[in-house]
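Residue numbers (my numbering), protein chains in the order written: chain F, 1 to 298; chain S, 1001 to 1302.
For the record, the hints were derived by calculation from the structure and aren't laboratory data.
Honestly, I wouldn't trust all of these hints.
Taking lysine-lysine and the DSS-like style, the derived pairs with C-alpha atoms no more than 25 Å apart in a straight line are [what the hints assert, rightly or not]:
no., chain 1, residue 1, chain 2, residue 2
1, S, 1021, F, 64
2, F, 23, S, 1225
3, S, 1225, F, 64
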Amino acid sequence: MRATCLIAIGMRFDDRVTGNVSKYARQAKIVHIDIDKAEINKIIQADAPVHADAREALLALTAKCNANKHADWVEDFHQKNAIEYNKVILKELNSTGELKMAEVIFHLSNLTNGHAIVVTDVGQHQMVTSRYYQYKDPRKQVTSGGAGTMGFALPAALGAKLARPTEQVVAVIGDGGYQMTVQELGTIMQYNIPVKIMVLNNSFLGMVRQWQQLFHGKRYSCTEMVNPDFIKLAGAYGIAARKVEKREDLVGALQEMLDAKTSYFLEVVVGKEDNVFPMVPAGAAVSDIMLEAPPECQ
Amino acid sequence: MDALLTKHKVENATQQVAATKITGSEALLNSLVAEGVQTIFGYPGGAIMPVYDALYHYTDRLNHILVRHEQGAIHAAQGFARVSGKVGVVFATSGPGATNLVTGLADAQIDSTPLVCITGQVFAHLLGTDAFQETDVVNTTLPVTKWNIQVTEAADIAPAIAKAFYIAATGRPGPVLVDITKNAQNELIEPVEYKKCEHIRTYKPRPALQEAQVEAAAALINGAKKPYILCGQGVLLAGATADLVAFSEKTGIPVACTLLGLGGFPADHPNYVGYLGMHGNYGPNVNTNACDVLDRHRHAVR
């Protein structure tokens, strides 16, 4: 089963979403609703453009569209996602040995019931969080999307906490991006901002390393990171800190972080060569999405 | 005797005038208060000192967060804006202070985040002389701002701020930069009542919904055998989550979210099918593209 009509609302057909544009949704009619006229027909030709505010357009369309059900079609998605669940997710959530990024976020999502404000930096941890954190409410996912700016999360999280001080705010960051703006721990200290900071530490520039593994014959050129003692660093700023390396300590440590009434730093050591799958390789069609690394790259 | 009286009169008159006038810096801060700003993320420096001096007497109205790097200030303002829907406000000084904002401006521009960034600038008479901490911020940030402007006279500050907030927050939101020369920050002017900007000729942020476009879209959707909703950040920016849920529930259409659209449709809703894109879920990606061979056969049947 394939879509026959795409209804794009307030999205701009970014290349990370479309994959190879020449192969994208060729069979489908495109309805494109956007407030910015420059986005309509920029990447994808729209069969029915709607140049409008999303809310106004949705209200009008709901009135004009027929009540309907597409039970089999919706079920098809769930069945395909079940393939992913069995091939990828089950393994990630039931692994032994080094901690996987996936299980960390899975537990974070469960412990907060999908209601925390989660601010991510850029890289593998960002993709894993987008996959495993079950965002149930609007305006609780904060990340650098179009630009992919490393170092975004720590300051963005303190800003988010100041905007919504009564809500749980958790920053999920990699060891690389963390060090780009780590001096903002000073701001957190000075104003006693009770934001939660979780660094998934794999001692690598993870996403680049993954591409080096998959597309550059595992030549890890300049991606290995020698990191400082992050716990001591947080301590220097008077921030409660803990490091987790073992699976049996994970949930307890997450709960401790979430329960803290002050700012809290949690370092979780994760697998050095952990990869994020599924993946649509650059230049591929989205339907060529890979569920695992090809055997020659493992 | 006459000379003494005249001197007295002049002194009194000067005092009266001084008492009613305000500085450009105060005009700036009054404008921010009038726009509902309560939090500012910033880092002081030479070219913005008059603003910070005025700020000293506004601590009851404006809460300034001193960061450790201007990039931290702008990312903090972004986080603030993203979760609240308000315009994030940043203060930075001239030269390197301003250029340290460039990454955040580019980020806010591409991710449609409303920001108003105020940068100090050297005295107007020094512009173009390669003065200390002088950088051509307006030209540097042209491609990474929704709008920017340099203000060299105090009387132009409030109108510039009004325009800045209007442009940042309306239509597709984005970052705006206002560069204020030091003389303008110091200059005394008569206080004028702040006027919010509600219209700029040639700027049409909110397109009027066109019946014909809606009809055409509805026709396609009603006739579609396998319709599929892609939810982006625009849904969140419009505050349209409830309306999207209503639309999806009425029409029975499944919904997937882009990275910035996550949360725009609740992840635990039965019609939610997942996350789109490079590391998205299997179903949402595979069901987008036709398998060429199969669908050539099915083409006519669709």
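> Which numbered hints does this structure break?
Replying inline: Hint 1 is the one this structure does not satisfy, whereas the remaining hints hold.
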